[in-house]
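*Asks:* Sequence order for the protein chains is C and E.
Using the numbering used here, read the first sequence as starting at 1 and increasing by one per residue.
Using the numbering used here, read the second sequence as starting at 1 and increasing by one per residue.
For the record, the hints were derived by calculation from the structure and aren't laboratory data.
Everything numeric in this text was worked out from a predicted model, so none of it was measured.
Hints may be right or wrong, so weigh each one.
[As the list claims (entries may be wrong)] Computed list of lysine-lysine pairs in DSS-like fashion (alpha-carbon distance at most 25 Å, straight line): (1) E/Lys204 to C/Lys195; (2) C/Lys207 to E/Lys14; (3) C/Lys245 to E/Lys208; (4) C/Lys321 to E/Lys93; (5) C/Lys207 to E/Lys129; (6) C/Lys207 to E/Lys23; (7) C/Lys245 to E/Lys204; (8) C/Lys423 to C/Lys58; (9) C/Lys207 to E/Lys204; (10) C/Lys244 to E/Lys204.
[Unchecked claim] To give an idea of the chain C side of the interface with chain E (calculated C-beta under 10 Å), a few residues: (11) Gly202; (12) Ile204; (13) Ser205; (14) Thr206; (15) Lys207; (16) Leu208; (17) Gly209; (18) Ile210; (19) Pro211; (20) Gly212; (21) Ser214; (22) Thr280; (23) Arg322; (24) Thr324; (25) Ser326; (26) Gln327.
Ideal placement from N, C-alpha and C gives every residue a C-beta, glycine not left out.
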Amino acid sequence: MTNKKKYFLNAHIIDPCNSINEIGGLIISEEGKIEASGKRVNKNNIPNRENFVDLKGKHIIPGIVDMRVFGGEPGYEYKENYRSLSEAALSGGVTSVVTMPNTKPVIDSVSIVDFIQRRSRDKSKINIFPTATLTKNAEGTNMCEFGLLKNKGIVGFTDGVKSIQSSRVMSRIIKSAYDFDCLVMQHAEDQELSKNGMLNDGIISTKLGIPGISDLAEKIIIERDLTLLEEINCRYHISQISSKKSLDLIDYKKNIVDFTTGVSINNLALNENDIGEFRTFLKLSPPLRTEEDRLSLINGINKNLIDVIVSDHKPEDEESKRLTFSQAATGASGIETLLSLALEQFHNGSIKLEKIIELITHNPAKILNINKGNLSVGTDADFCILDINKPWAVKKEKLLTKSKNTSIEDRKLQGKVLNTFVKGQELFKFK
Amino acid sequence: MAINSNKAIKINQKHLLGIQDLKISEIKYILSEAQQFIELNRSKNKKLNILKGKTQINLFFEPSTRTQSSFELAGKRLGADVMSMNITNSAIKKGETLIDTAMTLNAMHPDIIVIRHQDSGACNLLSQKVNCAVLNAGDGRREHPTQALLDALTIMNRKRSIEGLKIAICGDILHSRVARSNIYLLTMLGAEVNIIGPSNLLPKDLEKFGVNIFTDMTKGVKDCDIVMMLRLQNERMTSSYLSSNREYYEYYGLTPEKLKYAKPDALVMHPGPMNRGIEIDTMLADDINKSVIKEQVELGVAVRMACLKIFCN
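The following block holds chain E by itself, in its conformation from the complex (with noise of 0.2 Å):
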């Protein structure tokens, strides 16, 4: 394995709300933290009490299954009380500001909230309002960094290392969070990184932030190791980003003709949820030798339990 294994390494952060504020050594310990917790979660015996007495509130403003399942059940492993709050029933419905209610839920004392939010920089915002750490679950276009650490972690158990890998990222840039977390996830670990997408879905000056950029998926994908997908939203069809989802599926959506492309070995990823037939052909999806997609979500509730033991100490 490329992870040192834990040299007591302390994490400077007080809240995760990207993996732009973390140094490699940090990454690095948390994902060997995430490493212990993966036997466990296959074991018959899954319970911990490494957080016991903690309170962990979820705050999902979005829709959201694997994410906020995901901390949730990675909360209940550690042996923390875990509340997840129910947006639609609650007085944000009514108008409450976003500070208004971290006040409210900070005066309850809890350890860590995990928030997901669609304004990007929310999770910044709630962090300078309460005592407690923060946990970023996606916020906005912005950033998703527990997403880019399992992404790591479900890399390195199938190819060792992510350094010298050649990883592709292809489809929604512009809209998405997962994109901008790996991209500073995987450059800063030594991967190189092939952007695919049409120029309406790329966000401006992206080859600043060193990755090398596509509009053709053949070239892009050529000799990589790692092919992520991004979910396309729907949504961006009636904005006139793109035509149709036909046209989109031609020349952005994975096929095992375009994979030729890639290496023999190459695994495709996908953060899900996927949309079938637009952006990944739904065979490949299930390939067990070629798709990781599975495992990804197996992982994140591991990555999500190391999270939770580092901020919440």
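Bound conformation, chain C alone (with noise of 0.2 Å):
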């Protein structure tokens, strides 16, 4: 494959890999790799007979890193697949996507992992991370093989939709991943303390009479784990933190041991009252919680307390969601809205937008160990372009992922993805 050279002059380029919050330029080169990026790439140093892209008020940023999302391959081909998780992700800028392991089978065998990597091969045109379980069949009893899954591309494990409920499993899978060093990714939520609960418990789940789950549930796995690292500190992640007790706790194990935390969009972006009454697309895990708790994660973020912001991407058929709340499945669809809801805080005045930028960026990468986020030169050009002040509406027919189960409906945003591209190759355009 042959390409031209790509130039792109005039764009505010934000990579905060490499600390670049500047006006300039970007070179792709015939290969699809970054051959020079930032101020110094402007009209007098590049060939005169060259064309190039004017981008003057618009944004270039790395290709985003979503560390959350649940793509349907295999068995829930039916709510998503890798081709319209592709082309929603790309419509949104992202680029790099972290695949749950719930699927169906579990991913947590070596064959399984060949599966899904040949098939995201063949079907995505986005980069694939496939995470695996910790234990057996996500059963929370027997662990994984992580040495022999990481050697076969897994950048991290987790149970994903569930929790380990055992401290004995916790402590030795904490050991294993040492050993190998491998990422432990935990979704915390005690799962005996949250039985049977479906949204934040308070006043909002007395008044709808649903059974609610505590943010203690949440706080207590974070503590057991954050306390089982004192002993051997393996590469551990929070999944999604929602509450203010959990961040609290962060705050004062920071300095005690090394992890990182991760928080939803929807958490970020919406509280229990959304609900009203009963939408159940605002059915998610961990559960949406009070304007507080909602603050209180903001503020992690701008205490550095918060290291990543993820979509949450779990699509879910119409049929699943159709019913009453007690039987409707948990979770949204939000890949392709990760960027322009985020922006909401920038917006308003909450998070800088460079700060926005890294979470969704070189943060994820980074803790994923994987050279993905930035615009360094000699790596894959992957980066959007971006209008931030661009209005929108999101309306569920316009989506591209297969299932429509969004939880902003109808909500106006300020901000679209305009362009992205994949290893050089503009694979979306804003129509």
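Each of the two chains sits in its own frame; use the hints to bring them together as a complex.
*Replies:* Here it is in structure tokens:
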């Protein structure tokens, strides 16, 4: 494949990995790699005869790395497949995703990893980084083959929607993950305590007559795990937190052990009041909590206590949501609105722009130990062009994901990805 | 009577899904309508034709004796054609979803659907999908509006007014839709409500509903005009909300001794069905000087007639 070199000039480039936040240009090589980036790239130092794209007033950011995505394959292709996921991701500026292993069958062995890698190579336009489960069949009892799976290309281990309940199993996981230098990603939820719960335990759950999930269910697991890490500190990431109580604990533990923390964009943008009269699209895990919790999470980002923002993209078909709240499936699709929804926090003055970009590009890549989410010279040219002010509204029928269970139907957003490139190829263009 | 006699008040709601959706004037209007049916139900000829030609479907997903028969009788006495769906023989058993069932029934042009469902919010979902009025006969833990209305009518018939009364609601509040509907209704009508139960059976943030919370029953019933007991569901024992029936009865069962803390003329209520010897002393339940439990059932028919009449039109 021979491509021409591409030149982009006069853009506002934000590349937190290289501490670049300036007006400049980007040169993409014939091989689809970054050749140069930043203010040194301008009209005066590119060949005269070359065409260039003038991006005055636009932003260039590294392709987004979404650390928590349910891809559908294998087993749930009717909810999402790699092709529909790619289209949805690209329209939101996401070029790399970390897929959760809660598929059918569960991703817990080398042969299944082999299968999904072939599928993603054939069908996916974006980079798929699969995770495997911590325990066989995500049952929380027998550890998976961390070493072998890591060799096969698994970037992290998690039971996805489940938490390791047994302290004994968790302590062994931590030791084994340490030996193989593996990343453990925990969905923190004491499932005994949260059993039957469906939304935040509080006035809303009492009013709606729906069993609640206490924020303590999250805190207990985090506290246990961080205590276990004091003995042996493996690479450890809390997938998502939802409450002030968890954040206060993280603040306290930050100087004692090494770990990182994620948050879902849903918990940053919504609170339990948005559930209204049983809106099943807002039945999420972790649940939406109070406005005080939401504000504390924003504060946590600004205090560097939260490292990553994820979409927690969980496509669910209409049939799984057109039910009573108790029967409806948990989760919302959100990969294509992740960036735009996060930009709300920039436009309302809560979080700085470069901070938001850092939490969806460089930080997840650093935690995963992958060379993505940056515009460093010589790396794959995965990036997107962004109009940070462009207004648009989320319409279910316009979403590209296979399942339209968005948590923010009709929400007016500001900021839209115009073009997305993977390995130098333009794979999405806003129409 | 504290009830304002009918001043042609209109109900703004199309459906009766919960007390929390109603205004005080609307509640008083329903109660005053119900008042008129009490005498009718005691007379020899109980049949009216207010709802002649109307179709009422009872859709009960949970077992029920009094509510279902009460709604059925109420509809028949008003002249409606009443159909009670038998869930065990229906397509729901074959895996049909609530929305599809709603669509199917809706195609038959009913005028009113009465629904009881084990899931909170099921009646809200149904009401979004059908053209007719929906009456909630109990949804999960959320609301049981006609029960609260009949409780209010019973209290008013005995105590004239609800305003200023001190009312204790005691038992399994966490799982109780009756408690929630009564909390909304009684506080709206100006009663002081004491909630009594073990911490394991109290939902979170309940104090924000403007009620007083007690875990000590004798303190909670002190000087109360009404003591309303709730049914304890036996499955609560197995899921370790409580240790034993015996202990529960000892601390939260209503006995003549505990009732002494209430006012001398205090009345005892229970929405039924009762667990005698678990939440209430069996003699007390039958004591005609104290217990108005049978009256609650009687007035239930009148309240449901009023609701059917109002929401059917």
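*Asks:* Each hint should be assessed against the structure and marked as holding or not.
*Replies:* A quick look at each hint next to the structure:
With a C-alpha separation of about 16 Å, the suggested pair E/Lys204 and C/Lys195 falls inside the 25 Å cut-off, and the hint holds. Taking the CA atoms of C/Lys207 and E/Lys14, the gap is near 21 Å; set against the 25 Å cutoff, the hint holds. Only pairs whose Cα atoms come within 25 Å are accepted, and C/Lys245 paired with E/Lys208 is accepted, the gap being roughly 21 Å. Simply put, C/Lys321 and E/Lys93 have alpha-carbon atoms about 20 Å apart, close enough for the 25 Å limit, and the pair holds.
With a CA separation close to 23 Å, the supplied pair C/Lys207 and E/Lys129 stays within the 25 Å bound. For the hint linking C/Lys207 to E/Lys23, the alpha-carbon distance of about 17 Å falls within 25 Å, and the restraint holds. A hinted pair counts as satisfied when its Cα atoms are at most 25 Å apart, and C/Lys245 with E/Lys204 qualifies at roughly 17 Å. In summary, the hint linking C/Lys423 to C/Lys58 is supported, as the alpha carbons are separated by about 20 Å, within the 25 Å threshold.
A threshold of 25 Å between alpha carbons decides the hint, and for C/Lys207 with E/Lys204 the separation of about 10 Å falls inside it, so the pair holds. Simply put, C/Lys244 and E/Lys204 have alpha-carbon atoms about 18 Å apart, close enough for the 25 Å limit, and the pair holds. With a least beta-carbon distance of about 5 Å to chain E, the hint placing C/Gly202 at the interface is held under the 10 Å criterion. Given hint, C/Ile204 at the interface with chain E, holds; its Cβ is 9 Å from that chain's nearest Cβ, closer than 10 Å.
Look at C/Ser205: its Cβ gets to within about 7 Å of chain E, closer than 10 Å, so that hint holds up. At about 4 Å, the closest approach between the beta carbon of C/Thr206 and any beta carbon in chain E falls short of 10 Å, and the interface hint on this residue holds. Given hint, C/Lys207 at the interface with chain E, holds; its Cβ is 8 Å from that chain's nearest Cβ, closer than 10 Å. Hint status for C/Leu208 relative to chain E: holds, with the closest Cβ pair at about 6 Å, below 10 Å.
Given hint, C/Gly209 at the interface with chain E, holds; its Cβ is 3 Å from that chain's nearest Cβ, closer than 10 Å. With a cut of 10 Å, the hint placing C/Ile210 at the interface with chain E holds, because the nearest CB-to-CB distance is about 5 Å. For C/Pro211, the shortest C-beta to C-beta distance to chain E is roughly 8 Å, which falls under 10 Å, so the interface hint holds. Checking C/Gly212 against chain E by beta carbon gives a least distance of about 6 Å; that is within 10 Å, so the hint holds.
Using the Cβ-Cβ criterion of 10 Å, the hint placing C/Ser214 at the interface with chain E is satisfied: the shortest such distance is roughly 8 Å. At a threshold of 10 Å, the smallest CB-CB gap from C/Thr280 to chain E is about 9 Å, leaving the interface hint in force. Hint on C/Arg322 holds. Least Cβ distance to chain E is approximately 5 Å, under the 10 Å limit. Taking 10 Å as the C-beta contact cut-off toward chain E, the hint placing C/Thr324 at the interface holds, the least distance being around 4 Å.
For the restraint placing C/Ser326 at the interface with chain E, the shortest Cβ-Cβ distance is roughly 4 Å, inside the 10 Å limit, so the hint holds. This hint holds: C/Gln327 has a C-beta 7 Å from the nearest C-beta of chain E, less than the 10 Å allowed.
In summary, this structure violates none of the numbered hints.
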